[in-house]
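Asks: Going line by line, the protein sequences match chains X and E.
Residue 96 in numbering that gives the first Met the number 0 sits at position 97 of the first sequence; the count goes up by one each step and never skips.
Residue 156 in numbering that gives the first Met the number 0 sits at position 157 of the second sequence; the count goes up by one each step and never skips.
Hints may contain errors.
Simulated pairs of lysine to aspartate or glutamate, EDC-like, Cα-Cα distance not exceeding 20 Å [as the list claims (entries may be wrong)]:
id	chain 1	residue 1	chain 2	residue 2
1	X	Lys343	E	Asp305
2	X	Lys128	X	Asp31
3	X	Lys288	E	Glu321
4	E	Lys298	X	Asp293
5	X	Lys312	E	Asp332
6	X	Lys288	E	Asp305
7	E	Lys51	X	Asp332
8	E	Lys288	X	Glu344
9	X	Lys298	E	Asp54
10	E	Lys231	X	Asp293
11	X	Lys319	E	Asp340
12	X	Lys300	E	Asp54
13	E	Lys300	X	Asp318
14	E	Lys343	X	Glu344
15	X	Lys298	X	Asp31
16	X	Lys319	E	Asp305
17	X	Lys343	E	Glu321
18	E	Lys343	X	Asp340
19	X	Lys300	E	Asp305
20	E	Lys312	X	Asp340
21	E	Lys288	X	Asp332
Rather than coming from a laboratory, the hints here were simulated on the basis of the structure.
2 protein chains.
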Amino acid sequence: MNNYINPKYQSKLKKRKSRSVKTLFSRLIHGDKVALSQAITLIESEQQKHQKTVDELITSCLPHSGQSIRIGITGVPGVGKSTFIEAFGKTLIQEGKQVAVLAVDPTSSVSKGSILGDKTRMQGLVKEKNAYISPTASGSSLGGVARKTRESIILCEATGYDVILVETVGVGQSETAVHSMTDFFLLLKLAGAGDELQGMKRGIIEMADAILINKADGENQKAAKKAQMEFKRALHLYPEKNSQWIPKVKCISSINNKGITEIWDMIKAYQKSTIENGFFNQNRFEQQKFWLFDSLNQKLKQNFYDHPKLKSKLKIYLDKIEQQEISSFKVADQLYQYYLDSIKEK
Amino acid sequence: MNNYINPKYQSKLKKRKSRSVKTLFSRLIHGDKVALSQAITLIESEQQKHQKTVDELITSCLPHSGQSIRIGITGVPGVGKSTFIEAFGKTLIQEGKQVAVLAVDPTSSVSKGSILGDKTRMQGLVKEKNAYISPTASGSSLGGVARKTRESIILCEATGYDVILVETVGVGQSETAVHSMTDFFLLLKLAGAGDELQGMKRGIIEMADAILINKADGENQKAAKKAQMEFKRALHLYPEKNSQWIPKVKCISSINNKGITEIWDMIKAYQKSTIENGFFNQNRFEQQKFWLFDSLNQKLKQNFYDHPKLKSKLKIYLDKIEQQEISSFKVADQLYQYYLDSIKEK
Numbered sequence: 000m001n002n003y004i005n006p007k008y009q010s011k012l013k014k015r016k017s018r019s020v021k022t023l024f025s026r027l028i029h030g031d032k033v034a035l036s037q038a039i040t041l042i043e044s045e046q047q048k049h050q051k052t053v054d055e056l057i058t059s060c061l062p063h064s065g066q067s068i069r070i071g072i073t074g075v076p077g078v079g080k081s082t083f084i085e086a087f088g089k090t091l092i093q094e095g096k097q098v099a100v101l102a103v104d105p106t107s108s109v110s111k112g113s114i115l116g117d118k119t120r121m122q123g124l125v126k127e128k129n130a131y132i133s134p135t136a137s138g139s140s141l142g143g144v145a146r147k148t149r150e151s152i153i154l155c156e157a158t159g160y161d162v163i164l165v166e167t168v169g170v171g172q173s174e175t176a177v178h179s180m181t182d183f184f185l186l187l188k189l190a191g192a193g194d195e196l197q198g199m200k201r202g203i204i205e206m207a208d209a210i211l212i213n214k215a216d217g218e219n220q221k222a223a224k225k226a227q228m229e230f231k232r233a234l235h236l237y238p239e240k241n242s243q244w245i246p247k248v249k250c251i252s253s254i255n256n257k258g259i260t261e262i263w264d265m266i267k268a269y270q271k272s273t274i275e276n277g278f279f280n281q282n283r284f285e286q287q288k289f290w291l292f293d294s295l296n297q298k299l300k301q302n303f304y305d306h307p308k309l310k311s312k313l314k315i316y317l318d319k320i321e322q323q324e325i326s327s328f329k330v331a332d333q334l335y336q337y338y339l340d341s342i343k344e345k
Numbered sequence: 000m001n002n003y004i005n006p007k008y009q010s011k012l013k014k015r016k017s018r019s020v021k022t023l024f025s026r027l028i029h030g031d032k033v034a035l036s037q038a039i040t041l042i043e044s045e046q047q048k049h050q051k052t053v054d055e056l057i058t059s060c061l062p063h064s065g066q067s068i069r070i071g072i073t074g075v076p077g078v079g080k081s082t083f084i085e086a087f088g089k090t091l092i093q094e095g096k097q098v099a100v101l102a103v104d105p106t107s108s109v110s111k112g113s114i115l116g117d118k119t120r121m122q123g124l125v126k127e128k129n130a131y132i133s134p135t136a137s138g139s140s141l142g143g144v145a146r147k148t149r150e151s152i153i154l155c156e157a158t159g160y161d162v163i164l165v166e167t168v169g170v171g172q173s174e175t176a177v178h179s180m181t182d183f184f185l186l187l188k189l190a191g192a193g194d195e196l197q198g199m200k201r202g203i204i205e206m207a208d209a210i211l212i213n214k215a216d217g218e219n220q221k222a223a224k225k226a227q228m229e230f231k232r233a234l235h236l237y238p239e240k241n242s243q244w245i246p247k248v249k250c251i252s253s254i255n256n257k258g259i260t261e262i263w264d265m266i267k268a269y270q271k272s273t274i275e276n277g278f279f280n281q282n283r284f285e286q287q288k289f290w291l292f293d294s295l296n297q298k299l300k301q302n303f304y305d306h307p308k309l310k311s312k313l314k315i316y317l318d319k320i321e322q323q324e325i326s327s328f329k330v331a332d333q334l335y336q337y338y339l340d341s342i343k344e345k
């Protein structure tokens, strides 16, 4: 391949690119939803030149970001997340808010089709001028998906959205990822038969700032009240949160729009109290540090384990470990030394 | 420093060292307790030549290891771990077993003095011909301490000890480390007032193969029975273990030697059933893989974060992140690239 580019043309290219970042940025901060869609499409692109554009765009947007409240929403499929977001989003818009909805789903990909269904859901909200529903960030690794979503939050905020809803179906560690990029974490549950806590994924309750018992309507109401009691009792067992916020358990009915305004009031109260005690901003900085170290650790591991020669070496060593010919620790020493040597040789 | 060594002398040195490994090894597999102590002292040494000797010794011992049952024991200070080990160890010796006791305590160090007290505890057991009590593996990082303990297990087994008790006070992640190097995991508890589960470290109950309510004697008996019920109920909420073993909750009195033989019977039953269903050996191989990847990941991180120039760079970048001048992800990209370049330059 001929890599030569005429210097004159090169400078033209540079100008064009920088102009495109500049234009996109300028449209974004003037609230242009189409520009936001274009920018988020660039985030999804695997092309290196697009990634560079995104990098520059994010850097420009950063000073214009951070003014929203970021709300994480999780719950198993069927719990009614879309219906809740639809009702909650409309309430927010009535309050004069601009609402962006993002979704994290590490298992979906463009080719496989998102399991969240995106714009086919929340049909009412999607028509609202002051709502933006982003396609689900896709990718095979949670790290990649999380990065895309984090970057989308920045772009949405720069565009003027002041409530960001980040939804996840809770596959693998995706709840932890969403919890690490939001200010307030909502867990949606259904009142079911038997013990509400059984089979509960470890740590989810601990992350929740509020548990919403959805579909608390009609015949479900009694069971919902009972579930509410059980969750309240369970929450009692956990140590106090750093935010000093005491997690709430509420019964709601998304389809009847019951209890939805109260959720927004609760989140406003949370925001007020955590801004006052300093947790809100401290937490956001901690989250940024978390993402820095998380990406660094991902890179370190990926670069090591994707090393082509190392993979076959690892396989041979694992056999030797199983045959008790060598200790795990000695293998680690040897593989690591081999890796360092191979980087230096490059 | 003059690094020149007369080749004649060098070969002599090599012989002497290899002879010393050979002698030590030969003494070990003939059950020499003094040799075991010497070898474990070498493990604790930070000197590189000692580490090399240890490496060779471990490799020689590996084919002679693995024949024991490894039992992890945890519980908060005051729960009576030493008294239990004393009673349990004597029972094992009466059954014709040879018992080695190791301890993991990442906070203790030789200079600070071990908080476990080592040989001043278990005064009866320490006098037994068929018992060996190792000094607590010390060090500032859990990774280092865990490695030393894992290596000590190999040496103890090669020396002929067939029950290895690995004790921890449960500081930080030390319980997870001990769980990852043992076949059976015992959690010691006391019957207390109020809710037994409150304040419980997350995940500990999930790791336990048995919970022992200690000091179930005299006036404590009623409370112990109640605690037993509560733990049984709590265990019920957890999913089935891969071992297919249903965790047990037992009341014991170590000072009265009550219920101690039953614990050994239970562990024998566990060993029998997990050897039959294949879990026992599969689990040991999984543990070896865990330690391999754990040490590799530690090395990757350590080498990166201990990089002298990177530390100051990181500090500057963190400030920029806080000022919203640059995104966490871009910083990760830049720091990582800088790191790769600096390895290549070396």
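Asks: Each of the hints needs a verdict: does it hold here or not?
Replies: Do the hints match the structure? See the list:
1. Lys343(X) to Asp305(E): holds, 18 Å
2. Lys128(X) to Asp31(X): holds, 11 Å
3. Lys288(X) to Glu321(E): holds, 9 Å
4. Lys298(E) to Asp293(X): Holds, because 16 Å separates the two Cα atoms, which is no more than 20 Å.
5. Lys312(X) to Asp332(E): violated, 28 Å
6. Lys288(X) to Asp305(E): Holds, because 17 Å separates the two Cα atoms, which is no more than 20 Å.
7. Lys51(E) to Asp332(X): holds, 12 Å
8. Lys288(E) to Glu344(X): Distance ~28 Å between Lys288(E) and Glu344(X) Cα, so the pair is violated.
9. Lys298(X) to Asp54(E): The given pair, whose Cα atoms are some 30 Å apart, is violated under the 20 Å limit.
10. Lys231(E) to Asp293(X): violated, 38 Å
11. Lys319(X) to Asp340(E): violated, 33 Å
12. Lys300(X) to Asp54(E): Given that 20 Å is the threshold and the Cα spacing comes to 25 Å, the pair is violated.
13. Lys300(E) to Asp318(X): At roughly 26 Å apart (the allowed maximum being 20 Å), Asp318(X) and Lys300(E) break the hint.
14. Lys343(E) to Glu344(X): Holds: Lys343(E) and Glu344(X) sit about 7 Å apart, inside 20 Å.
15. Lys298(X) to Asp31(X): violated, 34 Å
16. Lys319(X) to Asp305(E): violated, 31 Å
17. Lys343(X) to Glu321(E): violated, 34 Å
18. Lys343(E) to Asp340(X): holds, 9 Å
19. Lys300(X) to Asp305(E): Within the cut-off at roughly 16 Å; holds.
20. Lys312(E) to Asp340(X): Measuring from Cα to Cα gives roughly 25 Å; hence the hint is violated.
21. Lys288(E) to Asp332(X): holds, 14 Å
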